[in-house]
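2 protein chains.
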Amino acid sequence: MKTIDSTPKKDGFRMPGEFEKHLGTYIIWPERPDNWRLGGKPAQKVFAEVAREIARFEPVTVCVSNCQFANARHMLPDEVRVVEMSNDDAWIRDCGPTFVSNGKEIRGVDWRFNAWGGLHDGLYFPWDKDDSVAQKVCELERRDRYRLERFVLEGGSIHVDGEGTLVTTEECLLSEGRNPGMTKEDIEETLKEYLGIEKIIWLPKGIYLDETNGHVDNIFSFVRPGEAVLAWTDDKNDPQYEISKAALDVLERERDAKGRKINIHKLYLPAPVLISADESGGVDAVDGTLPRNEGDRLAASYANFYIGNGAVFFPEFNDPNDAAARELLKHLFPDREIVGIYAREILLGGGNIHCITQQVPAPLAD
Amino acid sequence: MKTIDSTPKKDGFRMPGEFEKHLGTYIIWPERPDNWRLGGKPAQKVFAEVAREIARFEPVTVCVSNCQFANARHMLPDEVRVVEMSNDDAWIRDCGPTFVSNGKEIRGVDWRFNAWGGLHDGLYFPWDKDDSVAQKVCELERRDRYRLERFVLEGGSIHVDGEGTLVTTEECLLSEGRNPGMTKEDIEETLKEYLGIEKIIWLPKGIYLDETNGHVDNIFSFVRPGEAVLAWTDDKNDPQYEISKAALDVLERERDAKGRKINIHKLYLPAPVLISADESGGVDAVDGTLPRNEGDRLAASYANFYIGNGAVFFPEFNDPNDAAARELLKHLFPDREIVGIYAREILLGGGNIHCITQQVPAPLAD
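Residue numbers (my numbering), protein chains in the order written: chain A, 1 to 366; chain B, 1 to 366.
By construction, these hints were calculated from the structure, which means they are not laboratory data.
Be aware that a few hints might be false.
Treat identical chains as interchangeable: a pair holds within one or across any two.
[As the list claims (entries may be wrong)] For lysine to aspartate or glutamate, the following EDC-like pairs were computed, each having C-alpha atoms within a straight-line distance of at most 16 angstroms: (1) Lys2 with Glu79; (2) Lys10 with Glu227; (3) Lys10 with Glu193; (4) Lys199 with Glu254; (5) Lys330 with Glu193; (6) Lys21 with Glu185; (7) Lys2 with Asp78; (8) Lys192 with Asp11; (9) Lys261 with Asp319.
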């Protein structure tokens with residue numbers, strides 16, 4: 001693997017939309033007992049289910065620490081590839097590479113990772129193993145990479161339409177814990193250079209109480225160029241209402257890189273999901289790691305789905321709105337199977353299906 | 001990756017000769033300071049040279065612990081793939097998978113590994129990380145495997161001609177530290193089942209003072225079916241003379257699986273190589289690991305070469321016989337480049353180029 005001293009834009013590369021064809025999907029196996037209850041066992045079952053479901057549609061690789069290797073191999077189906085990889089936690093959307101393509105070849109973009117805020121408001125310390133995940137995935141795939149030593153970004157804080165448009169949130173990208181020395185314009189310039197982007201749309205905030213400083217991938221997702229979903233509630237007493245409304249206002253006002261208005265579909269949230277006493281009690285209390293307290297509201301959202309080859313994998317919460325979410329996705333993705341996975345155990349760790357997956361796009365356009 | 005509950009012979013698989021076409025080569029990065037002097041730095045340079053040379057001919061993957069990942073990536077050329085893999089030492093010939101082929105597909109044979117003798121006379125403890133290397137390589141290659149939970153074998157203790165013949169040593173395979181509950185016939189049966197072999201030729205011993213209990217790959221190697229080299233000395237005062245003579249007697253008497261006499265070429269050994277005070281002083285002294293004492297004779301042999309696609313990689317010792325070894329190999333492999341690598345640093349760790357490499361054969365015969 002070569003580390004390239006240029007930028008994707010200069011080299012003619014762009015980040016494909018998630019809905020474009022994949023070579024496969026990467027996942028990291030969850031294990032840290034100060035984030036995942038009961039030593040990670042309940043979460044591991046759900047991660048294994050996610051891996052199994054995606055593997056029906058495209059090759060899946062699960063990265064796992066040496067300590068958990070034998071257990072992961074045992075819990076995962078044969079068709080999933082299991083490879084050793086040290087990690088600090090299981091969010092490969094955020095610490096993994098962002099692949100870019102020139103239509104013939106793909107390369108990885110390896111952002112600096114600092115656990116969602118570093119020493120300012122990061123969620124754990126240290127994060128050095130996570131920060132080498134992107135490089136290691138590029139090695140496994142025999143793909144060259146661009147490395148940004150000085151620019152912090154997580155994959156979950158951006159969504160692209162593959163045609164020059166990127167959507168992100170001010171709450172995250174302008175946060176003190178990311179790139180405090182950079183102006184909004186500096187950040188735009190970096191995103192444009194490293195993702196082959198022309199136009200950036202800034203939503204004010206992400207989902208209420210999202211511990212990532214409001215990652216866009218929990219509130220918004222492109223369905224295809226010019227079409228997207230936005231997490232929504234009609235309950236004006238919920239703090240989420242103002243957040244979703246402000247996002248909608250931006251999206252209705254803005255145009256994408258091609259000058260199109262983006263057609264926005266409201267994806268209704270489940271009722272607030274709170275951590276139970278039992279769930280809180282199963283997590284190791286460790287200084288310096290975000291605690292999981294009884295009664296805390298989790299950032300539950302159907303927008304945290306993952307688009308794979310021929311399917312969409314979305315989180316279910318055993319909520320009446322599960323069915324409405326499925327119906328909307330079925331309508332928006334008529335050519336894909338809609339796979340619902342009961343994902344409370346992923347949510348308890350601080351994210352959802354999109355956060356725990358990372359696509360490797362196919363280099364060749366179909 | 002699936003673990004198959006059958007045997008290669010039953011499934012129509014056989015171990016190809018090393019001289020048959022490869023998909024690539026695996027190497028493990030050396031680091032343990034109780035075996036490699038000066039924290040492994042001199043050995044790492046030579047391993048990097050071996051990787052670089054082989055990578056001129058076929059894809060090379062270097063497996064490395066998380067601690068050494070950044071250093072290995074820095075020291076290795078871009079074209080070599082670097083992947084994380086926990087290990088106890090760097091001998092992938094012995095702890096890696098032995099691949100078998102049915103002409104369409106390859107699978108790994110994953111022998112039990114016990115550090116060359118387990119608690120009886122093994123060279124270090126523990127060896128659990130090494131024992132999972134074969135499985136992890138199969139995962140990386142997306143190849144199914146046969147696992148022998150109860151049969152100990154190292155890849156360096158066997159050589160095959162790809163046409164039904166296997167050569168090994170009694171010193172190793174009948175040693176107390178391997179499979180003491182099994183008779184010679186039991187062992188033959190297992191080798192035949194798991195390597196698709198018809199005929200086993202037993203040399204009495206390997207190279208004098210070889211710490212592996214006399215691995216065959218340091219004294220003998222097939223060049224092609226019906227043709228092989230044997231490490232040799234004319235010095236009757238050297239204990240090696242009787243060993244090589246006894247091996248030659250067996251090889252001249254025996255026939256291979258196809259009924260052929262094997263044409264044996266004498267590959268003259270270098271003069272005895274002894275550990276210097278300086279070299280000994282650079283190794284951590286740790287109870288339970290084989291010490292590296294000043295003046296100890298090392299098992300130096302040119303037979304420890306590796307055959308790759310289009311090339312042969314052989315160890316040089318800065319000895320007058322280096323040139324003779326090169327000439328003989330040039331004569332025996334007229335269609336391959338003969339690449340000599342000054343390999344004293346590998347030898348100081350207890351093996352040589354063949355011991356640190358493992359081929360992945362191409363599934364399709366050319």
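> Between Lys199 and Glu254, at a C-alpha cutoff of 16 angstroms, which is it: within one copy, between copies, both, or neither?
Replying inline: within (10 angstroms within a copy, 76 angstroms between copies)
> Are the CA atoms of Lys10 and Glu193 at most 16 angstroms apart within a copy, between copies, both, or neither?
Replying inline: within (7 angstroms within a copy, 56 angstroms between copies)
>> Within, between, both or neither: how does the pair Lys10, Glu227 come out at a Cα-Cα threshold of 16 angstroms?
In response: neither (28 angstroms within a copy, 55 angstroms between copies)
> At most 16 angstroms between C-alpha atoms: does Lys330 with Glu193 qualify within a copy, between copies, both, or neither?
Replying inline: neither (35 angstroms within a copy, 52 angstroms between copies)
>> My question is about Lys2 and Glu79: at a cut-off of 16 angstroms on alpha-carbon distance, are they close within one copy, between copies, both, or neither?
In response: between (30 angstroms within a copy, 8 angstroms between copies)
>> Cα distance capped at 16 angstroms. Does Lys261 pair with Asp319 within a copy, between copies, both, or neither?
In response: Classified as neither; 32 angstroms inside a copy, 76 angstroms across copies.
>> I want to check one pair: Lys192 and Asp11. Are their C-alpha atoms no more than 16 angstroms apart within a copy, between two copies, both, or neither?
In response: Classified as within; 13 angstroms inside a copy, 54 angstroms across copies.
>> Please sort Lys21 with Glu185 into within, between, both or neither, judging by C-alpha distance up to 16 angstroms.
In response: neither (32 angstroms within a copy, 54 angstroms between copies)
>> Cα distance capped at 16 angstroms. Does Lys2 pair with Asp78 within a copy, between copies, both, or neither?
In response: Answer is between: at 5 angstroms across copies they meet the 16 angstroms cutoff, but 32 angstroms inside does not.
The structure fails to meet hints 2, 5, 6 and 9 from the earlier list, while all remaining hints are met.
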